[in-house]
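Use these hints to put chain B onto chain A, whose structure you have.
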Amino acid sequence: MKIRAIAVAAIAAPMLLAACATSGAKFSEMATSMSAPKPDTGRIYFYRTTVLGAALQPAVRLNGEVVGKAVPRGFFYADCPPGSYQVATETEVERKLTFTLDAGQVRYVRLSVSMGFWVGHVYGELVDEAKGQEEIADMRYTGAPTRP
Amino acid sequence: MIVSRRFLGVFGIVAVLVASCAPLVVQEPTQLAPGVGKSFRLTRATEVPLSTGYSTTLRANTRWDLVGTVTQGEVYRTKDQVVTLEGAHIHEGYIVVNQGALVGFYLPVERTFSPVTPTKALSIEP
Chain A
1 MKIRAIAVAA IAAPMLLAAC ATSGAKFSEM ATSMSAPKPD TGRIYFYRTT
51 VLGAALQPAV RLNGEVVGKA VPRGFFYADC PPGSYQVATE TEVERKLTFT
101 LDAGQVRYVR LSVSMGFWVG HVYGELVDEA KGQEEIADMR YTGAPTRP
Chain B
1 MIVSRRFLGV FGIVAVLVAS CAPLVVQEPT QLAPGVGKSF RLTRATEVPL
51 STGYSTTLRA NTRWDLVGTV TQGEVYRTKD QVVTLEGAHI HEGYIVVNQG
101 ALVGFYLPVE RTFSPVTPTK ALSIEP
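Note that the protein sequences, when read in sequence, are chains A and B. Those letters in the first sequence? Residues 1 to 148, per our numbering, in order. Those letters in the second sequence? Residues 1 to 126, per our numbering, in order.
This is chain A alone, in the form it adopts within the complex (with noise of 0.2 angstroms):
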């Protein structure tokens, strides 16, 4: 009876994990039509690939100023003048990641989970272009492009 239970469960969770994501349209589906920074300033992609800790969707804030939230499958975005920057979550711990952006740059920001006391921590780790721009293929928007 208990096994059942469990096995229902692991079959179960992951269907509610993914009914928790976004339905917006697919970055790769987007990326033609998706304007291009104005030269004088570069962008920011923001993104989350785990369904892990689904429930858990802060804010993301960039230099104090929420962009967006942390939505599982998600992807999002701001355009912003160069300068140094700082990702913060609201979570249980605030883990920060700083770094700068030029102009004419773009930059790729995924959203972790990890571990935390009573609830998962949702942080920021900046990526390589590449492994940015394959991984974010298949994230659906979230939101309107935010200039902070």
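Quick caveat, the hints were computed from the structure, so don't treat them as lab data. Hints are not guaranteed to be accurate.
In silico DSS-like links for lysine-lysine, alpha-carbon gap of 27 angstroms or less [stated by the list, open to error]:
no.	chain 1	residue 1	chain 2	residue 2
1	B	K79	A	K96
2	A	K69	A	K131
3	A	K38	B	K79
4	A	K131	A	K96
5	A	K26	A	K38
6	B	K120	B	K38
7	B	K79	B	K120
8	B	K79	A	K131
9	A	K38	A	K131
Residues on chain B that point at chain A, a partial pick, calculated with CB under 7 angstroms [as the list claims (entries may be wrong)]:
no.	residue
10	Q81
11	V82
12	T84
13	H89
14	I90
15	H91
16	E92
17	P108
18	V109
Over the 12 angstroms line for every Cβ pair with chain B, so calculated as not near, a few chain A residues [said to hold, decoys possible]:
no.	residue
19	A31
20	A36
21	K38
22	P39
23	D40
24	V66
25	D79
26	V87
27	E94
28	K96
29	L97
30	T100
31	G132
32	R140
33	Y141
Using N, Cα and C, we set each Cβ at its ideal position, and we do this for glycine too.
Showing chain B alone in chain A's frame:
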């Protein structure tokens, strides 16, 4: 030896707490004097252990361009890979080279120097 459930519970909580509290990346104040005109290619990958317990890898066949100097050495950055230093927080880093060895990282956002101990010899060519 009999281990109580309470002990196991407390031990588990402590283990999770320890795992979730990585140390901060060590940083020292420094001042970058901008510079250009030098570059090199890293011919062999170099794994650099950090004091936080994490490590970062400089990939082979990456080209590094001088962006300036700090008192600890010359500061180089590359467009061929992302370099980050991971600890309680994650920071982008440029490498600091002195006499062919990696002596640390320059954190461009924080404008600080993070030393590497011991220093790592780099395999480089023009």
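TODO: Would you assess whether Y141 (chain A), listed as outside the interface, keeps its beta-carbon beyond 12 angstroms of every beta-carbon in chain B?
DONE: holds, 24 angstroms
Task: Evaluation of the interface hint that places V82 (chain B) against chain A, nearest CB under 7 angstroms - done: holds, 5 angstroms
TODO: With 12 angstroms as the threshold, tell me whether P39 (chain A) passes as away from chain B on beta-carbon distances.
DONE: holds, 18 angstroms
- [ ] Check the non-interface label on D79 (chain A): least C-beta distance to chain B beyond 12 angstroms or not.
- [x] holds, 19 angstroms
Task: Outside-interface status for K38 (chain A) - nearest CB in chain B farther than 12 angstroms - done: The claim holds: K38 (chain A) sits with its nearest Cβ about 21 angstroms from chain B, beyond 12 angstroms.
Open item on the list: Quick check on H91 (chain B) please, does its C-beta sit within 7 angstroms of some C-beta on chain A?
Closed with: holds, 5 angstroms
TODO: Using 7 angstroms as the Cβ threshold, decide whether T84 (chain B) counts as touching chain A.
DONE: holds, 5 angstroms
Open item on the list: If I take the minimum Cβ distance from T100 (chain A) to any residue of chain B, is it greater than 12 angstroms?
Closed with: violated, 5 angstroms
Open item on the list: Given the hinted pair K26 (chain A) and K38 (chain A), is their Cα-Cα distance within 27 angstroms?
Closed with: Answer holds: K26 (chain A) to K38 (chain A) is near 23 angstroms, not above 27 angstroms.
TODO: Assess, step by step, whether the Cα of K79 (chain B) is no farther than 27 angstroms from the Cα of K96 (chain A), and give holds or violated.
DONE: Satisfied, since the Cα-Cα distance of roughly 23 angstroms is no more than 27 angstroms.
Open item on the list: Interface hint check: Q81 (chain B), Cβ to nearest Cβ on chain A, cutoff 7 angstroms. Holds or violated?
Closed with: holds, 6 angstroms
Task: Whether E94 (chain A) stays farther than 12 angstroms from all C-beta atoms of chain B, as the label says - done: violated, 9 angstroms
In summary, the structure is inconsistent with hints 26, 27, 28, 29, 30, 31 from the numbered list given earlier, while agreeing with the others.
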